[in-house]
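K.L.:
Single-letter residue listing:
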Amino acid sequence: MPNFDKEYFNIGYLDALSYKQTFIHEINPGIKLVVTLVFILIVVSFSKYEIHRLMPYFVFPVFLISAGEIPAWVILKKIFVVSPFVLFAGMFNPVLDTTIVYTISGIPVSGGWISYASIIIKFILTISSALLLIATTSFPGICFALDKLRVPKIFVMQLLFIYRYLFVLAEEAMRIVRARNMRAFGKHGRDIKTYINIIGTFLIRSIERSERIYHAICSRGFDGQIRLLRDINLKFTDIIFALISVSVFIILRMYDIAELIGDAVLKF
Amino acid sequence: MSHHIIEFNDVHFTYPDGTYALKGLDFRITHGESVGVVGANGAGKSTLISHMNGYLLPAKGTITIGDMQLNKSTINHARKTVGVVFQNPDDQLFMPTVFDDVAFGPLNLGMTKERVIERVNEALTTVGCLNLKDKPPHHLSMGQKRAVTIAAVIAMQPDILVMDEPAASLDPRSRRQLINLLKEFRHTKIIASHDLDLILDVCKRCLVISDGKVTADGRTDEILLNETLLEENNLELPLSLQHK
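Note that the protein sequences, when read in sequence, are chains A and G.
Residue numbers for the first sequence follow our numbering, so the first one is 90 and each next one is one higher.
Residue numbers for the second sequence follow our numbering, so the first one is 5 and each next one is one higher.
Read the hints as simulated data drawn from the structure, not as lab findings.
The beta carbon of each residue, even a glycine, is placed where N, CA and C say it ideally should be.
Some clues are possibly wrong.
[To be verified] Pair by pair, the computed Cβ-Cβ distance ranges are: (1) G:T23 x A:D312: 29 to 37 Å; (2) A:Q314 x G:L243: 40 to 48 Å; (3) G:H16 x A:Q110: 50 to 58 Å.
Sequences are here, hints too, so could you generate the full structure?
P.N.:
Following this line, the structure appears as structure tokens:
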């Protein structure tokens, strides 16, 4: 399959996952959103040397992956794709902070390496939980939750439109690229000049489409406000999920579970 | 009932790029009529449709919908009265799920929640798509998308239903279902299409548009049998009549 087509189906994959029906998928989107936000805030709140305290938090993404029946490789791949940003962001930590904090079997470990590791771990935890939120919740669901949480309508509307037209535009682009490939032989037709033309065509088509969409919206009485009709009922399981996960996060924040277990094991 | 009338009186329109699209359109469509609009590519059909609910306003001439003349202040009335189904369903289905899309119009009309839900269910049942309620539009087939766009428009209960190429890119069976559905509607119907057989099936009256003007207006079964007239307008006899 040509590259572009592959990428297109890739976008759809995360979306398709969100239509599964598991216990995790059924949880109220608002609850999931809030729990994920709490998780991210708590993970970020640890100081830069406390990597051992972060480890227990992997319970949350792992739980979502297994209970939500999400293939782990999908999430790992996506994390890998965005990782360069973080890898570069902390790159100089080991050089700037050279105080020795640990010695592991004779090898001194500087504070810089620890803080670098903590950045990476925090990144993996936060990104994976955000990705899992998307993979286990339908995108409109998240938008309605945001709406309920009083996020300004204009942002919610933008997100709804992006979601709706991402697939349409990707298909449009796929058609243009296919049309080019059909008539491009070898190098000819694949140069930068053609690219510029393709981007131009794509832009004009998108603008024309947006005009038609606007026309359609106006035809149905749009007055600048999108009204969403959605009852968000809280189920018993939603509340249980929220209570358990948030209290686990808080307990892990208050007590150093890794150390407690270590002490307990050493005592015996 | 006078509010189901739509009347164009010497309507002219020029696009900003200088294309002179409508050059004095004149016609009157009355309550309960089903009218087909045919014509060559670029004859002005789509421009005509854009005028029907005030997306474009005439540069010269008047459009009357019901008792009201169409202008900036009566646009909302026109949009409530005239429901337009566009050529490309992807342009029209802009909400994330089928339900939200069909509910969009009724919600904007300020109906109560219960009423909106009722209307949406009714409209989706009419087009046979109630089971698609929670699906996102990009998971639907072309025929389903088309049916949903029609539901989205009839949920607003317009007096006049306007369609631009309703059968485009439908497979023969979906097309047949659409024709049967259209025949059931009691609305005033205006259908622009190149599918002359569909027009022959659904519409009693037919307008031929050429170069921004109405060149023929009369009974469908007479106009679509007039070979010279059709050929002058880049059209040909409907397939169903070709081998008779």
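K.L.:
If you test the structure against every hint from before, which numbers come out violated?
P.N.:
Violated: none.
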